[in-house]
Each structure stands twice: as structure tokens, then as C-alpha cells.
Amino acid sequence: MSGANRIAGQGRLTPARTARFSFDGKSYEALEGDTVASALIANGVHLVGRSFKYHRPRGIVSAGPEEPNALIDVARDAARRQPNVRATVQEVFDGMKATSQNRWPSLSFDVGGFNNLLSPFFAAGFYYKTFMWPKAAWEKVYEPFIRRAAGLGTAPTEDDPDHYANRYATCDVLVVGAGVAGLSAALSAAATGARVILCDEQPEVGGALHYDRSVTVDGKDGFAWAQAAAAGLAAMENVTVLTRTTAFGYYNHNFVGLVERVTDHVARPDKKAPRERLWQVRAKRVILATGAIERHMVFGNNDRPGIMLASAARTYLNHFGVAVGKKVAVYTANDSAYEAAFDLKRAGVQIAAIVDSRAKPGDAVLNEARSHGIEVLTGHSVIDTKGHRRVSSIVVCRNGGGGKRTIAVDALLTSAGWTPSVHLFSQSRGKVAYNAETGQFLPGTYAQDCLSIGACNGTGSLQATIEEALAAGELMARATGNEGGAKVQLQAENAFEWTGGMAGAAEGAGADTNVKAFIDFQNDVCAKDIRLAVREGMHSIEHIKRFTTNGMATDQGKLSNLHGLAIAAETLGREIPKVGLTTFRAPYTPVTFGTIINHSRGDLFDPARKTPMHAWEEAHGAIFEDVGNWKRAWYYPRAGETMHEAVDRECKTVREVAGVFDASTLGKIEVVGPDAAEFLNLMYTNAWDTLKPGRCRYGIMLREDGFVYDDGVVGRIAEDRFHVTTTTGGAPRVMNHMEDYLQTEFPHLKVWLTSTTEQWAVIAVQGPKAREIIAPLVEGIDVSNEAFPHMSVREGRICGVPTRLFRMSFTGEAGYEVNVPADYGQAVWEAIWARAEALGACAYGTEAMHVLRAEKGYIIVGQDTDGTVTPFDAGLAWAVSKKKSDFVGIRGLKRPDLVKEGRKQLVGLKTKDPKVVLEEGAQIVADPNQPMPMKMIGHVTSAYWSENCGQSIAFALVEGGQTRMGQTLYVPMPDRTIAVEVTDMVFIDKEGVRLNG
Amino acid sequence: MLLIHCPYCEEERSELEFRHGGDAHIARPTNIADISDEEFEAFFFLRDNPKGLIFERWRHVHGCGRFFNAARDTVSDKFFASYKAGEPKPDIPGVSPATEKTVETYEATEGTAK
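First to last, the sequence lines map onto chains A and B.
Its first residue numbered 1, the first sequence is counted upward by one per residue in the working numbering.
Its first residue numbered 1, the second sequence is counted upward by one per residue in the working numbering.
A portion of the hints provided could be inaccurate.
Think about it this way: if two alpha-carbon atoms lie no more than 27 Å apart in a straight line, the pair counts; the simulated DSS-like pairs of lysine-lysine are [unchecked claim]:
(1) B/K51 with A/K750
(2) A/K882 with A/K904
(3) A/K882 with A/K990
(4) A/K750 with B/K84
(5) B/K89 with A/K431
(6) A/K652 with A/K910
(7) A/K904 with A/K990
(8) B/K89 with A/K750
(9) A/K431 with B/K51
(10) A/K578 with B/K84
(11) A/K692 with A/K884
(12) A/K284 with B/K84
Hints were generated in silico from the structure; no laboratory data involved.
Only a predicted model underlies this, so the values are computations on that prediction, with no experimental measurement involved.
I would like the entire structure built from these sequences, with the hints used as guidance.
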């Protein structure tokens, strides 16, 4: 027998199909289809966890996703382990290892339970008040303590070995929830031919039919009807039925997120199957049939193991065949709980009493109780309970006072009424409305194309639910243009119509300040805490929530929110709707990070971009750096070389012989059309109409506000064709910027823009021997200095393939940039490299490139500029045309702040001690002896050791920098102050002789 | 995730394919070099951030690449219309531009609580 509390002949599981699992190291037998909760109760285990704050022993409260207490850690192996799983929804599989949480050293003896004795000190708002002083204690004492105590469960440290799938889907009608309402709506929608997706979070459809055994539909047992209806729907071509699938978020424009749990219930999952599948569904119409959640009663010590929701006890009995106790009492304000007593009584369980806080329960249930011989105490309350690891007795008292009576029990079922699950409706930005008659918040004003039906819409009776659902299904399907099909009709019956319900504290919650009448089990929030919050001045429900943490746990207040609200309203002396609900936010239940991240892990999260020469660089020992998504060769160390030795060697070799550099990552845009020059005139500060075909020019691009946005060399290939280069990181945004102006401000210009960044491989050959290296490889271009001067571009062939050959330099040496179609990049590189190597040249990386350009005073946009630098600040006034009447930024440049004296300007810095290299980002002061805080007048933007200059060099943005030439400034560092001299930015070959060589 | 109608593709496509481009119908002055500081401030810096109807630019960046304009409710995110760049603001029947200037504060909404 799979557990002593399993009752033969009860439930829907098959006794022969067993599975073994362990809980806290002890092995138990379960039946296939059991949840961990049902299997534990079957084996007599009610104590499953400790509460978060007081570490009180806690048991299973519910049989569904609303479970606040039974949070467990579920593992297949060390990496496949998940904390905070609700035992009430996790299906048992053979070999599962489950463990309890938030206890040490063991569940039954927990040191943290000491907190329960200290609870007078742990009132609501405790953290805010207690940890205020002394201030110095925060960092060393309070925060580490809170961090250690905070959080439930522990995450696995291993990488998640499972994979997760993602699917986009569209449909005419999405039906969320496959209880009686959802199934009926799906049937009538599907009959029209509409494309329908029906999802339900449980392994089997049926919703409330799991516990309500009295229902028949069209004469069939309700649960059996539901399975048959779902099977019929699944067989239809236009219908997708998803079980174990939770609709967790309702977003804009009928976009609903579903998570399908594919293998979490399987003992040996297919390795190819994803663990979970994310469905991103765009539905033309949505039908919400999300049901209602039963609330517990709020009274003193209502949290002992063995105290649970009445409907949960029915689920355990009627679906799993498990009795939650041998002597059970019911405490209710609502008719529905009576049926739990009837079902248990019929199964042979002793019912100690039904305690009803109402003076007048519904006649039907009252008469039925009497016919079963069950004692009903109307107008009574349970005011206290006893028992340590399980409830052992309850104390009952007539409302308004009188004698107390103690009744021995081993389980207590409670029901304060039903809370419609309006979570998804509310997430859709629909506004809820309070129904004073039923005490329920119900869908009021809809914001999207959806409808709520059944219990989540406050619809009470079974037949009314079915009729509402059938009508909604048809209405929504027809609204999407589906005209086919016959009308669906269903006839249903059940035993009782329910009345009653209450929210807030029952009599037993007491007005006093030490009764622990829990409203939020997971966060240990009691009725008294809400009252305290109001007394201390919290009047908004959002403040009360945050002060008490009510509803802030992983269950997001599914049981507690309405109770908290009712108590707040009573204490404030206002009506419930005047106090208002807190906001419902996605997800409805916790969603794993794996599902949300999905395929975006590792290389797919941040794809690496590699140049056509990447493999060669790798083979030649390059160390790479990340530049955006690009992998760029940083430097090429030889055996035994440090980075600095390698960079020094590369820098020297380029100036003395030559170097070869992979510049393929440069952004490239082909600007073509009769108005191309006019367009570039508007996009750059420079004049382009004067540029002759075959020549190049360095261009500055501004934003409209006048600040430098990008820069690069532009070559004019023909009258109507420009080859524009951008910074490596700026390529996409420059393209967007150009497209924006072309389409929306200058649409009259006939220009076509094409991104060609990845179409060209670019090999920079720089240095005195650059021409000697490439000359024999080039065909059809005269590369002599006279025919092909600095800042020229020619089309021809190199190594037999087409090239755009640029004579240009980012080093200050004579140099070329060989553009070839990307597929030829590595072959041409290897041919160039063969000659370069023979002539004593080297390959150099981005670090040497940075040093070489700094030696020559060339800036890097984004390193030496930061979005607040004008071309004038950057010493590039020569590049701003004074003749043009318009370019983007022309007006911005004249803004008062941009023409003011004393702006930060780019200058060079030399350290007084030439060996000291500054730190990039270091602040600069004029007087190092001034009192702190010192006035900072600028910062270092670039700083390197220059082997070619034999000293350290730097650029800095300094207030009024261009007027400070020769001044001594200071860079205070934690351990010393470094004196620097302000210089111009060109440290080598100021006359530019080498460029033209 | 929004569902956005591209007036060039003549299709509703997922927000993933689009990029928002700020307020629409703010024309760059043709004599921009000559405008006053105040005119430049109004053109470049000042925006209304209305609660309710807004006309805004979108680009179908991962689709046709075109910029277009749309009328949207900033509260409900409902789109009233989308139209090609250069076309005039459409009339949105029954919806007038937001004029409300009040700010929602605790005092304004909950201030009567005692």
C-alpha cells in the first residue's frame, strides 16, 4: 500500500503503478500521478517545511499552485535541482529526491525556531526599525545577517544541463484553464472552425472536477466527461490542447506567455526533449477560465500542520484517494466546506464537528450534515489550536463569548470563501470591480479583446457557468470571422449551490496584539501586523503590503491578499473597494530562468563576430579582445613575451619596418546616388562636393545637439558613389542615423544606403616598407607616391581579386588599407603576410594600433570623446566647414554652453617622470594641495607607454585645455600624486613627413 | 509585446521587428542654422510626454527598414492608426489630445484617508 492513509476504492490513481521517491533522505512509495504533497499525506507526513520568519512548523495547505507552505527542493542529480518547488503541483517520479527547506539541522528540530520565541521583536516593519542604528553597524553586522536569513532555498551551483524550447504561436481563441468553463468555451469555439489553443496548468484537465465528485455533465461523471472532451478537442485539426501548461503572463495586444512543463514529471526523460517549453502566443481573442482559489480562515495558530483548505482535502480524497486525517473538523464561513465533510464521512473518516462562523448556513448543506449525523456548531469560531508538529486539538467558542470547548482532531479543514483568479485579467490592464454582495473583486472594465467566464468571473452555478462559457466561446470565435459549426449544448448537474463567504479576520483572530492569526503563511504575516501597519500610518494598501510583506512571497498572496485588504479596510474604517487591490503582476506562478532565457545562453546569448582572418590570427598566437561583439586580435606575443613587450615590439616594428593589421571590423556604408555628395554634406561637418573621385577625406559626424557622434575616412569612388567608414562600434547606429535623416528629413535626395561592413575584409599595411610589401601583389593601380598620394582610393586587383585600395593611415606612417571581398580576406592576408614577414614586418593588434594612433594625435570617438565633446573641444575645428549653410549639428554647435569659455578640451599630457604611465579615467586637478573635495578640472582619456617616444603619453579632457599648454597639472592617485605637463596631442612626426613617404 | 501595423508592409507584426523613434511631426527647420536659441530649444529638447494620445515615429528596422508614424494611447498602448512618413496627422475620431496637466500623487488620490 502506497501510504497508510490511502483509502482503497477512493481516487483515480492506479494502485499497481507505484514510484519511489525520498523526502529528507527517507524513502516513500507513491502512485503514478501523485503529487509530492499527496504522496506525503498518504504516508502520514504533514510537517513539510518551516515558515520564513518564525521558522514555525508548517504543513500542506492546498492542493494547487496557491500553496504557500510546502516549498521543497526537487532533484534528479546535483545539477538538475530546483528549490522552492510547490509540493502540491510537483508530480512524483521514480527516483526523485525531495528535501525540505528553511530549517537547520533538521525539519523536526530547527534551531531557527528560536525566532518564534523572539517573535514579539519581529513585528511588521521590524527591519526598518531595528536596523536603523548605529549607522556603522549596517555594513558589518545587520546587512550580512539579513542577507543570510533572507531568501528561501538554495540554487544549484552547477550549470543547468537541460535545454529549453521556445515556440511562437498564433490562434483565433486562446482559452486559459480547462475546467468545466474552459472546456465548454473551447468546445463551442472549436465547433466554428476557429483555431483554438486550450491550456491548463494541471496534468489532467478538469479543474474543480478533480475534487467535486458530485458533478455530472450530459449524464457522465464530470471528470470522465472532461477527459473525453479534451481528447475530442485534441483530435481536431484546429485545436491544440496543452496540459501542464501555465499561462503566466498576459501582455499587450493579446500576447500571452505560457510555460509547458515537458519532462519534470518523467523518471527518465528523453535527452532530446526540452525540460520546459515557452509558448509566446498571440491570440485574436482570449477567454479566461482561470477559476477561483479558496481562502483559509484567519484565527489564532491557524498554521499548524494538518490545517488545510477544505477543497484541498476533497482533492486528496477524491482524486488521489488519500485521507488527510482520521478525525477531522471543519471550520468555515461558507457552504462549500461542508461537502469536504460529506465526502470524508462517506469514505469512512470520522468528522469531529463542523464549526460555522455564520449563524445561518445554507439549508441544503445543513440538512445533509444532520442526515450524516455530523455535529454542526453554527455561530461558533475556532479560536485556537494545539499540537506541535501536527494539529492535535482545536478550541471552539461561541461567537461573542462563552465557554470554550476543546475538540481533539488530527486535521482541520477551513474555508472562508472563494477568491476569483483575476490575475491574468488584471495583468491585461482590465479594471476589477468589487461586488459587495459576494465580497469578490470581479472583472469590470476590459482593456483587451478578452472575456472572463466561470468562477473567475464570479459566476456561481454550474449550469450558468456552462451556458456563459458556450456563449463566450462562440462569440469570440465568430468575432474572428469563423462562421461554421453547429451550436454546442451541455447539461450539467451537481449536488449543492453554495452560499456564504467572508474575508479578513474571524472571531478567533483576536483584537489583541499577540495572537498569531496568519493571513500570509509564507511571509509570516498575521492579522495583527496589518493592524499595526495601519496604526503606524500606512494608509495605502501598497504601503501596507510593503511594510508587512503581505503577499510578497512566491505565492504572491493568492490566499492572503483579500484577507489583508479586508483587515486593512476594517482598521481604516473604510470600505474594501475604497482601499483597493494591490497590482497583479506577471508571472502568475514562478517561471524558471531556464525557460525565460531559453536558447539565449552562451554563444547564442552574445554571438561572437569574427573577421575573415580570425583563423589565421588564432593560429599565429593572437590574444583577442572583445570590441562590441567582435573578437579583435589584441597583440601577438612571441614565446616568453609579456603583453607590454609584445606591444612595444609591434609599435617599434611598424615605425621601423612595417606592420600588417586586421581592420575588417571598421563599419562600412556604401552611399550611392546622384545626391550622395549633398547627403554627406548634411551628415558630416566637412564639405564633400569638393572631394574629387579617387580621393579620401576624414569626416566628423555630429548629432543635432552639436556633439561628436562618429568619425571615419570617406573615399569617393565615383561622382555618385562614396565608401564611408565608421568606428567599429558605431556602424549600426551611424547607419540608423543616416537612414533616419534620409527617410524623414531629406527624402527629396536621391541616395541609397547599404551596410557593407561584413562584405569587405580590410588589411591595413602600415610603415616605411608598406609599399614594398603590397606593390608586387597589386594589378591595375599605380602605387607610386605621385600617382597614389596619401588620402587616395583606387579600384583594381590584388592577388587576382578585386580590391578597393586606400592610401591612408591611422598610425602616422605611410600606409594602405586593402579592401577585398570578405571571402578572399584570409587568402590576400596570407599573401601580404608572406611578403611582410620576409621583409621583417610584423602583424600587430589593436593595442599597438591604439598606441601608434595616440603617438600621432589621432583620437578615438567614444574613448577620447564621451558624447559631450564638440569638434572644437577635440581640436578638430579644421574639419568643420564654415561655408556650408546646413549640416546636422550646425545649430547645436552655436548653443550658449557649447561656445562658452572654459569648456573641457582635448590636450596631450606628458608625465614629469617619463616612466610613469597614467591611468585612463584618472581625474586631474590644478592644485594638489587644495583642501578636499578638490576641484577636478578634467580626466585622462587615453594613456600608454610609447616605446617609440621613450616615455609615457596621454590624452586628457581638461577645462580650457588649449590655453594651458606648458602648464603643470596634477593627477592625484590613492598612493601618490603624479605631476603632468600639458602638451599638444602629436607626439611624433609633427610635420607629417612620414605619412607622405 | 505590442502588435504594430507597418503601413509599408501593410501587415501587423510583432514589436520585436520595430524600433521606437520618439515624437512624430517635429520637422527640422530648413533654416536651422539661423533659428534662435528658444526655437532650437523647442525643436530639439522640449517634448510633451502626454497621458493619452501621442503621435510617434516607429521604424520597421527588422523588416522593410522604413520609418513611419503611429497614433497610440500611452495609457492603454492601443494603436489608433499608423501611416507613412510625410503624411499628415490623421483625425482619430472620439480621441482628443491629452490636456490634463495634473500629477498623480498620494495626496491627490488618497489624501482624504485619516
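A/K904 paired with A/K990 [C-alpha distance capped at 27 Å]: holds, 23 Å
Holds or violated: A/K750 and B/K84, Cα atoms, limit 27 Å. holds, 18 Å
Measure nothing beyond the straight line between the CA atoms of A/K882 and A/K904; if it is 27 Å or shorter, mark the hint as holding. Answer holds: A/K882 to A/K904 is near 22 Å, not above 27 Å.
Holds or violated: B/K89 with A/K431, Cα cutoff 27 Å? At roughly 31 Å apart (the allowed maximum being 27 Å), A/K431 and B/K89 break the hint.
Taking 27 Å as the top limit, are the C-alpha atoms of B/K51 and A/K750 close enough? violated, 39 Å
Is A/K284 within 27 Å of B/K84, Cα to Cα? Cα-Cα ~25 Å, so holds.
Verify the proposed pairing of A/K431 with B/K51, using a straight-line Cα cut of 27 Å. holds, 18 Å
Does B/K89 pair with A/K750 here, judged by a C-alpha cut-off of 27 Å? holds, 26 Å
Does the alpha-carbon distance linking A/K578 and B/K84 stay inside the 27 Å limit? Not OK: A/K578 and B/K84 at ~46 Å, beyond 27 Å, violated.
Verify the proposed pairing of A/K882 with A/K990, using a straight-line Cα cut of 27 Å. Satisfied, since the Cα-Cα distance of roughly 25 Å is no more than 27 Å.
Satisfaction of hint between A/K910 and A/K652, Cα-Cα up to 27 Å: holds, 20 Å
Restraint check for A/K692 with A/K884, where alpha carbons must lie at most 27 Å apart: Roughly 18 Å separates the two Cα atoms, so the pair holds.
Of the numbered hints stated above, those contradicted by the structure are hints 1, 5 and 10, listed in ascending order.
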